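Trainee: Listed below, chain by chain, are the residues.
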Amino acid sequence: MAGFKVIQPGIFSLLQDAGRYGWHGIGLTTGGPMDRQAFRWANRLCGNNESGNHTNSTAIEVTVGGLVLEAKSHSSIAVTGAEIPLTINRQPAALWQTHQVKPGDRIELGYATQGSRGYLAVAGGFQAEAIFDSQATVPREALGGLHREGQPLKTGDNLPCPAPDQQLPLLRVPEKLRPANGSALLRVILGYQQHAFTEIQKQLFFSSEYKATDSSDRMGYRLSGAQISPSIGGILSEGICLGAIQVPADGQPIILLRDRQTIGGYPKLGSVLSLDLDRLAQLMPGDTMRFEPISIDQAHNALLLAEQKFTAAQLETVDV
Amino acid sequence: MSQTKLDISIAGENALIVYFGTEPNAQIAAQVSQTAEHLRQSMGDLLIDLVPSYASLLVIYNPLQTDHYSVRAQIRSATQNLLQSSEQQQGNLVSLPSYYSLESGPDLQRLADNASLSVEQVIEIHQQTEYRVYAIGFAPGFAYLGEVDERIAAPRLATPRQKVPRGAVAIADRQTAVYPAQSPGGWNLIGLCPEPMFDPSASPSMPVQVGDRVRFSAIDREQYLALGGVL
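Keeping their order, the protein sequence lines are chains A and B. Per the working numbering, the very first residue in the first sequence carries number -3; after that it's consecutive. Per the working numbering, the very first residue in the second sequence carries number 81; after that it's consecutive.
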């Protein structure tokens, strides 16, 4: 069987595809990559063509690092996202670039020096049986992943992937197209209960610096900073979209991410642009961020431009 | 229906939220379901997902293929001919066991104190009401049940707990629910239910569905453990 063996799972490594869609009605969240842009680049470097906006080949999301794999067959891999030192057979290997591996090769990720999440993709994608139409691992829901029960990767797991039918070209994402990690400016589309926040409260939110706290995970990032107070304490529970900024009574915002609950009753100021959630997802506890408001039309323009840029991007060929 | 009550707001870059009213009731619940069904059929691939709730419907669309103006128009068209009728299926009556105690319900004493009731009275009142499943969400199998007797209604915690145990029977305002899995949460905990609320390998994967009626019945510690409950 073509594939890889997990020698060491690292701190928290999850199989992720683009996410689980169409099941919010029974309360299932979407899951999927926290840094979607890095995930898509990793797949593209491995020749995994996207079919449609919400399907994509399954890759490994590595949080902080520590993953060690052994190749069981010939294949092509790429690692993108956070600055995580990568070695193949103990030789340093570049991120944001395709590498060929052969049986017995040891692929080792160190620990992030900048950012927090890396993506390891393989030609053809990792193969696992889908549950509710997706392989996305959601530990909180005990769904998805290799055994369909939401477990992170563990030592000894065998990760199947298709046998390669041809050798892929070695490609590299040009420097200028790689996102910069570090403190983030997050664009916000005001919405939901925005009228429950006075102008002064909004000004305070948009002029303050917030810090990611220890209680930040795939479900959401809890922030600490200027306390903002909505004029209402709770609402009739309603649907929560990706990036929603919810403000509980303690006034400390929570930004809801890939593994968010589908319904909730705290007032929400609006939602962060998904492109910027990818930057947020790379922040570690203690890292800082700021917010700026944009209109829904600006948001759509930004999404279309980013998509156009991704589609039109020319990858560099690596000379061997 | 009267269109004046319908309010469509932006939720995020690819989501609009439709408010059908401010109070949950059977007629609004029927309108939410009808609109969801209509959009599922009319929007095709432009629709990514829907989150129906008490009195609102979150519509998530593909922003690369449509925009919020067009989706608003589709929502208006979907809601134009909503039935006035408040006809509702009676739904199944589902009984859920609950081990109420200070051990399994860390907020029980506070609820009782705030309501000037005894702990026993709070437990009694919680069992007296026949609840309706208004929405499912927050987590797989998390069924929102209403309405809790106002004597024992209580606001969410100011700071949500990091960990609420699987099976926790909880109250938030006039809603009650059983946490189907361990998760963070801000509801007031009054007991533990041993019955699994979500099992992906079972069909159906949940013991209740939207529209069902639910009653809680008290069990003791031994019964809770015998039914597979964990403390």
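Hints in this document: simulated from the structure, not taken from any laboratory. As the structure is a computational prediction, the values presented were derived from the model and not from experiment. Incorrect hints may have been included.
[To be verified] Here chain A is said to cover these stretches of chain B; the calculated rule only asks that three of the stretch's residues, wherever they fall, bring their Cβ under 8 Å from a Cβ of chain A:
1. 90 to 103
2. 247 to 256
[As the list claims (entries may be wrong)] Some chain B residues judged to face chain A by a derived CB distance under 7 Å, without partners named:
3. 120
4. 135
5. 143
6. 181
[Claimed, not checked] In the DMTMM-like style, the derived pairs of lysine to aspartate or glutamate whose C-alpha atoms are separated by at most 25 Å in a straight line are:
7. 305/A x 87/B
8. 243/B x 145/A
9. 198/A x 125/B
For every residue, glycine included, the Cβ atom is placed at its ideal position computed from N, Cα and C.
Trainee: All the hints need checking, so say for each whether the structure fits it.
Mentor: Outcome of the hint check:
no. : hint          : in the structure
1   : 90 to 103     : holds (count 9)
2   : 247 to 256    : holds (count 3)
3   : 120           : violated, 9 Å
4   : 135           : holds, 6 Å
5   : 143           : holds, 5 Å
6   : 181           : violated, 26 Å
7   : 305/A x 87/B  : violated, 35 Å
8   : 243/B x 145/A : holds, 20 Å
9   : 198/A x 125/B : violated, 35 Å
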